[in-house]
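Student: Protein chains in written order, with the numbering used here: chain A, 80 to 223; chain B, 2 to 776.
Treat the hints with caution; some may be incorrect.
PhoX-like, lysine-lysine: derived pairs with alpha carbons at most 20 Å apart [unchecked claim]:
id, chain 1, residue 1, chain 2, residue 2
1, B, Lys234, B, Lys135
2, B, Lys281, B, Lys476
3, B, Lys326, B, Lys277
4, A, Lys205, B, Lys711
5, A, Lys170, B, Lys234
6, B, Lys602, B, Lys590
7, B, Lys382, B, Lys590
8, B, Lys590, B, Lys760
9, A, Lys205, B, Lys772
Just some of the chain A residues that point at chain B, by a computed CB distance under 10 Å [claimed, not checked]:
id, residue
10, Gly113
11, Ile146
12, Lys166
Honestly, the hints are just simulated from the structure, not real lab data.
A virtual CB, placed ideally from N, CA and C, is assigned to each residue, including glycine.
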Amino acid sequence: MITLNINGQNYQANVTNGSTPLLWVLRDILGLTGTKYGCGIEICGACTVLIDGQREHACVFDVSSAIGKKITTIEGLSDDNSHPVQKAWLKCQVPQCGYCQSGMIMSTVGAVNAGHHGSEIASEVKNLCVCGTYERVKKAIATL
Amino acid sequence: MNANTPPHLGDRDHAHGHSCENHAQEKITSGVNRRDFIVSLAGGLSIGFFLGGGERAEAQAPAILETQVNAYVKIGTDGTVTLLYGGSEMGQGTMSGLAQLLAEELMIEWDQVTVEQALAGKVSYLTGGSGAIKGRYLPLRTAGATARELLVAAAMITTGDNVRANYAANAGAVTYTRPADGAKLTWGYADLAATAAGAAAQALLLALYPPVAPATTANVPLTNPANFRIIGKPVERLDLPLKVNGSAIYGIDVWFPDMVFGVIKHCPTFGGVLTKMPAKPSGAIAVVPVKAYDNRGAVVKDSINAVAVVATNTWAAKKLASSLKVSWTLPASTTTIDSAGITALAQRLLATGTPLIAEPAAAPADIDAQVNAAIAGAAQKVSGVFTLPYVAHATMEVLNCTAKVTFSGSTPTACEVWAPNQAANSVVATATAITGLPATAIIVHTTFLGGGLGRKIEQDYVSQAIQVAMALPGKPVKLTWMREEDFGHDNYRPMALATVNAGLDAAGNIVGWNYKVATPSITAQRRPLAAGAVDSQAIEGAIKLPYNLGAKVTQWFPVPAGIPVGYWRSVGCSLNTFVSESMIDILAKAAGLDGFAYRYKIITDARALAVLQKADEVSQWRKSLPAGHAWGVAISQAFGTWVCEVAEVSETATSLRVHRVACVVDCGTVVNPDSVEAQMQGGIIHGLNAAMWSQTTFVKGVAQQTNFNKNRMMRIGESPAISVTIIPSTLPPTGTGEPGVPPIAPAVANAWAALPVGKRPYSLPFFPGAKMGGL
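Chain A extracted, bound-state conformation:
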């Protein structure tokens, strides 16, 4: 049994293999399914979360390395879609299928937290979107 601090709350998870990627502990064991599986090899970014404020790819991040750290997932941004990035995304009607957008938003939040502004943010957000929402992601980021 391990304890993870996710979105400000402690969770107990029955994890026997510490090298299990954080992604699958979040999704399958804790049922926090907002963080997505896309490629498993750190290329697409659908699994992006923040660990102590830094962007990490949960598909390759050992859960044992997340113990004692503050994990933020898409579910933790706000209770009412009031986070500035969420508001920008809705204003610009960014998502299509929406599957990559958890990671896209978390990457953007991470870039903002790291002190980037305007077009700098866009160059930090490299997540893959097969629907091709990039035009609107750029538009939304420009409002931040």
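Since the structure of chain A is provided, determine the placement of chain B on it from the hints.
Tutor: Chain B alone, transformed into the frame defined by chain A:
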């Protein structure tokens, strides 16, 4: 604690998004369809609600009774109007677009709309062919108008006054103005719903609006388009609030406390079957043999082409599957399932095969010779040979499906399936075939789709999950294809090899056009084509071209290759438009004209001309491009929608940079201009991925590109600026999900060829073998 038990139920609720600040604003409907998720808009706050594992949520829901007014409309005692959605929301926006049609006629405001995904059944339809709005524009408006008139009829029953002019429906209420004294009475729809659903209201409806034969339903009046409040407006999509906070439930997110998790492990070689069942490894819950799905019907072939490894979580299952040794028996044909061999076969077919004539209709037996003779006599003869690869769908959400089969003893009694699917009724048929249960014992939930692109019409992944659930009675089983399986066992966009021979007269007019394409038939993999029948999807984009082509013929050579093929966003148009619009540009150059001027010279279709002229106008930037940049244009008509795209490109040391794309679309009547724009933007990026990098090659029956590292796709930093212009129209609506795709590959090819140092690309992708690095 058991791994399958959520440690904090409250947080589990949060994960699925129906935690919010103001519970009073939650709109949660109750009743038989509560098992599905509901999208609601309530004062700008949206709540995702998933009852798949949500007994707890059900207990929390306020007791609201609902009345089903008709197949699409339910009204709750709290006034909630719930519209049922029978399609598959995979990003194209039709969950909202169809709700616009209903809400317009039902006379409710957009912020009064709640949408509920219907269980598979009579309102379900196959999501494909860009057909949702096109096919349901009048039927769903009629359904909305019928519900509206039933509510008015209920008010008439209350007052005894059947004069329709004395009633007005507006914003979810019916107001009656009494002629005698002008007094007004108003009822909310909730007050009228029970009466509206009764026999008296139905009878009154038929009396007021007698059916017009052959129809037997009331001939209710539809709203005059001049008075539209919601149709044609850029309303905010209903599903998007759920897609910015992780609460939208895709198939892969279906979760139950007692769920088990499986991954699929296919024979890597197409056509291979299991030699011997491997022993269950330590740590696995089960290893289940899985039979192949036969595309020719909802039946399971008598051949095991995969095993499913089931464990307590997906990662554990993946690790066990990776180390599981499975022996497969490979078919003798394996060596022929090879990209090089398939291309050689297509070349032989083009040279010596017997074609089927796709156009013109009723062609004489010597049409090929007649057209060749016209070309032979031309002032200039021009030809091109074009090759296109197999392409994987690579939806962001990999294939997955959750199923649970309940047994009494050894007999199945019920089956429930949760699937990101484009064909809910096909899922029912698949479940029927595997379980032997009648459709009445099968419940199919369509979740959100993390992209569909045509792949989730297929039933292989659904069939597999149900087979595994049959082996684990009473257990909800989620079966996931890891990305490598998803790339490696797709139903790919078909390869194609095409030649075009054309002749120009001295003035540059086309006097002969002989188009030959060798490509597999998607249809024939499902059911035999009638003798001599042309698969319309193999040749779309190669016929009905909007140009004067002189003596012309389009010939199809079916390629009988062993690679599974499927519907890939825009299907045949994604192949043939690259060929035909590249060739038009090649002829333009031969005639000494640019892409616009030449098309103006030869175009014959008024709508094609209109998108061309508008694209010319909105892409004036192309006349002052920086040195080293060039532009190209292409037109297509796919699924009835005309699109013209202009691309600006420059060459880099190793690649091509697409800087800007101007897109003009004529899709008839527009329901949501913001969604049309989004679909064009997305279609362009999707088409660019395939044009630049995507391909799946095969060596001895094994796919060679099994993750994004070898199937490069565009990232935001290299994506072009895209402008979208919509042609105003009052013609019936046509689709927009796919038509943005076809013109971009030839537009970019034509731009590349126009560069001073450019070259004409005849093959897709432009940059085969490009690698994709990490983030």
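Student: Hint by hint, note whether the structure agrees.
Tutor: For each hint, the structure was consulted:
| no. | hint | result |
| --- | --- | --- |
| 1 | B/Lys234 to B/Lys135 | 17 Å, holds |
| 2 | B/Lys281 to B/Lys476 | 18 Å, holds |
| 3 | B/Lys326 to B/Lys277 | 10 Å, holds |
| 4 | A/Lys205 to B/Lys711 | 17 Å, holds |
| 5 | A/Lys170 to B/Lys234 | 15 Å, holds |
| 6 | B/Lys602 to B/Lys590 | 13 Å, holds |
| 7 | B/Lys382 to B/Lys590 | 13 Å, holds |
| 8 | B/Lys590 to B/Lys760 | 13 Å, holds |
| 9 | A/Lys205 to B/Lys772 | 15 Å, holds |
| 10 | Gly113 | 2 Å, holds |
| 11 | Ile146 | 15 Å, violated |
| 12 | Lys166 | 9 Å, holds |
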